[in-house]
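Peer 1: Got chain Z sorted already, so can you dock chain E onto it with the hints?
Next come the chains, spelled out residue by residue.
2 protein chains.
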Amino acid sequence: MKYGFSQRVRYLKSSAVRDILKVVNNGNVISFAGGLPDEGLFPVDAVSNAYQKAIQSNRKALQYGETEGVYHLRQQLADRMKQQKKIIRQPEDILITSGSQQAIDLFSRIMFNPGDVVLTENPTYLAALQVFSSYETNVIPVKSDQDGMLENDLEDKIRRLKPKCIYVVPTYSNPGGKVWSLERRKALLQLAHKYHVVVLEDDPYGDIQFEQDDTPPTLASMDQNKYVLYTSTFSKTVVPAMRIGWIVGPHQIIRLMTQAKQAADLHTNAISQYALVHLIQDFDLDQHIQVIRDTYYQRMLVMKRLLDQVNIDGMSYIEPKGGMFMWINMPETINTTVLLQTAVDHGVAFVPGAPFYVSDPKESTMRLNFTNATPDLIEEGMNRLVSVMKKAQMQSNEKAN
Amino acid sequence: MKYGFSQRVRYLKSSAVRDILKVVNNGNVISFAGGLPDEGLFPVDAVSNAYQKAIQSNRKALQYGETEGVYHLRQQLADRMKQQKKIIRQPEDILITSGSQQAIDLFSRIMFNPGDVVLTENPTYLAALQVFSSYETNVIPVKSDQDGMLENDLEDKIRRLKPKCIYVVPTYSNPGGKVWSLERRKALLQLAHKYHVVVLEDDPYGDIQFEQDDTPPTLASMDQNKYVLYTSTFSKTVVPAMRIGWIVGPHQIIRLMTQAKQAADLHTNAISQYALVHLIQDFDLDQHIQVIRDTYYQRMLVMKRLLDQVNIDGMSYIEPKGGMFMWINMPETINTTVLLQTAVDHGVAFVPGAPFYVSDPKESTMRLNFTNATPDLIEEGMNRLVSVMKKAQMQSNEKAN
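Those protein sequence lines, which keep their order, are chains Z and E.
To convert, note that position 5 of the first sequence is 5 in this note's numbering; the numbers rise steadily by one, no gaps.
Every number in this note's numbering is 1000 more than the matching position in the second sequence, counting from 1.
No lab work stands behind these hints, which were simulated from the structure alone.
Treat the hints with care, since some could be wrong.
In silico lysine-lysine, BS3-like type, Cα no more than 25 Å apart, as pairs [said to hold, decoys possible]:
| hint | chain 1 | residue 1 | chain 2 | residue 2 |
| --- | --- | --- | --- | --- |
| 1 | E | Lys1321 | E | Lys1143 |
| 2 | Z | Lys143 | Z | Lys321 |
| 3 | Z | Lys162 | E | Lys1086 |
| 4 | E | Lys1304 | E | Lys1186 |
| 5 | E | Lys1304 | E | Lys1226 |
| 6 | E | Lys1226 | Z | Lys194 |
| 7 | Z | Lys2 | E | Lys1162 |
| 8 | E | Lys1390 | E | Lys1362 |
| 9 | Z | Lys186 | E | Lys1002 |
| 10 | E | Lys1086 | E | Lys1002 |
| 11 | Z | Lys304 | Z | Lys85 |
| 12 | E | Lys1002 | Z | Lys157 |
| 13 | Z | Lys85 | Z | Lys186 |
| 14 | Z | Lys60 | E | Lys1226 |
| 15 | Z | Lys226 | Z | Lys304 |
| 16 | Z | Lys2 | E | Lys1304 |
| 17 | Z | Lys186 | Z | Lys86 |
| 18 | E | Lys1060 | E | Lys1085 |
| 19 | Z | Lys82 | Z | Lys157 |
| 20 | Z | Lys226 | E | Lys1226 |
| 21 | E | Lys1304 | E | Lys1082 |
| 22 | Z | Lys143 | Z | Lys194 |
| 23 | Z | Lys2 | E | Lys1157 |
| 24 | Z | Lys2 | E | Lys1186 |
| 25 | E | Lys1362 | E | Lys1143 |
| 26 | E | Lys1362 | Z | Lys2 |
| 27 | E | Lys1053 | Z | Lys53 |
| 28 | E | Lys1082 | E | Lys1002 |
| 29 | E | Lys1391 | E | Lys1362 |
| 30 | E | Lys1060 | Z | Lys53 |
| 31 | Z | Lys304 | Z | Lys391 |
| 32 | E | Lys1226 | E | Lys1162 |
Just chain Z, with the same shape it has in the complex (with noise of 0.2 Å):
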């Protein structure tokens, strides 16, 4: 039978990354796609305990909850942004997510209208673009480079488009590995408040940096409350299962964000947020958080070090301070995504990064996790990605000359 769907399914589809990840689950192939954290430092008795905790202390743990969230959380919460990011917020101007995915969700539906504009970095993350684009925003890229978007292309975007909503990943970014440098956030923050446009923080990497203390202040941080939005996760620090995001920001957006939550799940799940709780108040997250940063550090400078002895003119990566991913721009004459079928032949996945733009992919960009598999395996995985690059390249010049 044919069924009448709504207009908007046309804008969905099924991730890239995802879809590979299907298939690279089975079988030999060592994978830099996807954005898994590392199974092995999942914090695995410190989790059993927190849920053993959260069940068997409170019976009304295990009952309906509030659409906002459990408050203790919050306060929980509310404590670590102000300590760690010098995001000063009351607890009562924190939505509690099913992950910081559902947290963009929730915002966009009850800030978009079909037609409106959306700023956003290019490339950007990828699953961010779906959302906006099922609600049929005009999603709009900005000129930047290494340091952020480039404050007189977005100035003029700004005001020639007059969009809802321009949605950043300054820390650490997804795909890019990016930081934007201070005074592009500050250039930013000054255009949102000149010209009234709400600010969407995206923050799930923040907390994994490789060297103390050089990562500029959040955007968050640097408002009154008016024009920022800040949303992070427990998904790289604790574990992603759990789905436990958050959003902070003026009351008035997460009132209404609230009222969309409870007609879209009622709640985020009970018993994780309390065992959250629990796992806060007994578990030394910070430290375990600095082991995270030791190990993927480690990981992404064995990475870095097996990328750095190919020899291809024209190949191009910037060393990442934080975060999970690894950003390459091959020569232009290699398409990334013809790439990965043989680099999958050869026993090896990444992304290729065509996906992660909004408008006019540079085909021969790609993105490499170096979270999730072990030094022994980014060592052998990259021995023969560089195999294949090396190959591809030799080809490429034979078809040239």
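Peer 2: For chain E alone, coordinates are given in the frame of chain Z:
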């Protein structure tokens, strides 16, 4: 600052039920409002053990998972639906959701354009109405009696209004506590087939039956997986805080809902999904459900006994055969929203019926929940309520004279 929100925020509002719950939770009020299962019946140790196993036995359970849901759980659900509801479906036709509320939301997301018509009972489940409204649909009530929708009115409205969907809670409905007869179920399905209309069968209460085997079969069991989407949940039979529901139906629809879910929240809390896998394996869930049935049945009888002592002309109710609610028609001179304030002042709460209506609300109706209070509290609360009812009736008579 003034923010520019989407059109759809006009349709968002906080649920009256939940707002009342907030007030009632602080204080000495015996509440028959809400729709909470009894915390005393929560299988705490079984849930605790199941989470332990889920967390300790497999690190993959803590990682990002598939949007469709944990395959093993979908197999178990296919088995259970086949055994207990005669619904024959493949695991691939099931999507695990964050409660059945999310199933209604994702279904709406892929089905409805603004202005699309949804046919419903009147009154019906409040939070479904909120979802449908938030997608700017045109919700139209179909005339019904205690046995279900009236066939003539349903056919007339299908022909004239060309609905995208018919939404029903045919078994122990919320708020009416009614069960559709077999004849009305068959009539609905025949019309759905004849006019190619999708039916969303919401069945959160189907397991809570008070007498053996006299419940008519589910709509889904009589459909060849063409027109009926069936959704249910573990919130009433295990614990609500897990937020695990599911929806099953034609693969084409489930696949699109899965893509919508990927954008909405990537996937449902996987720790809780694996915990359910273990719970279903290790725990006698059916025996537990029998305890829930018996307990709620006894409580309903206590409520009924006290209600039968009221001698108010023009008051009526029908004894529910399952579920969690009793629906009462007070004399038409009594406005239950006004009555609620007096009742709360006297230490007892309920939900006025009006908000459950799509249109033409009967202001003299009310919904009583009998599952969340112990028999003693039901007795005490009903004594309070009955005295408030009698006083209201006397005042109403005095005015009339």
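Peer 1: Any hints this thing doesn't respect? Which numbers, in order?
Peer 2: 3, 4, 5, 6, 10, 11, 14, 15, 16, 18, 19, 20, 21, 26, 28
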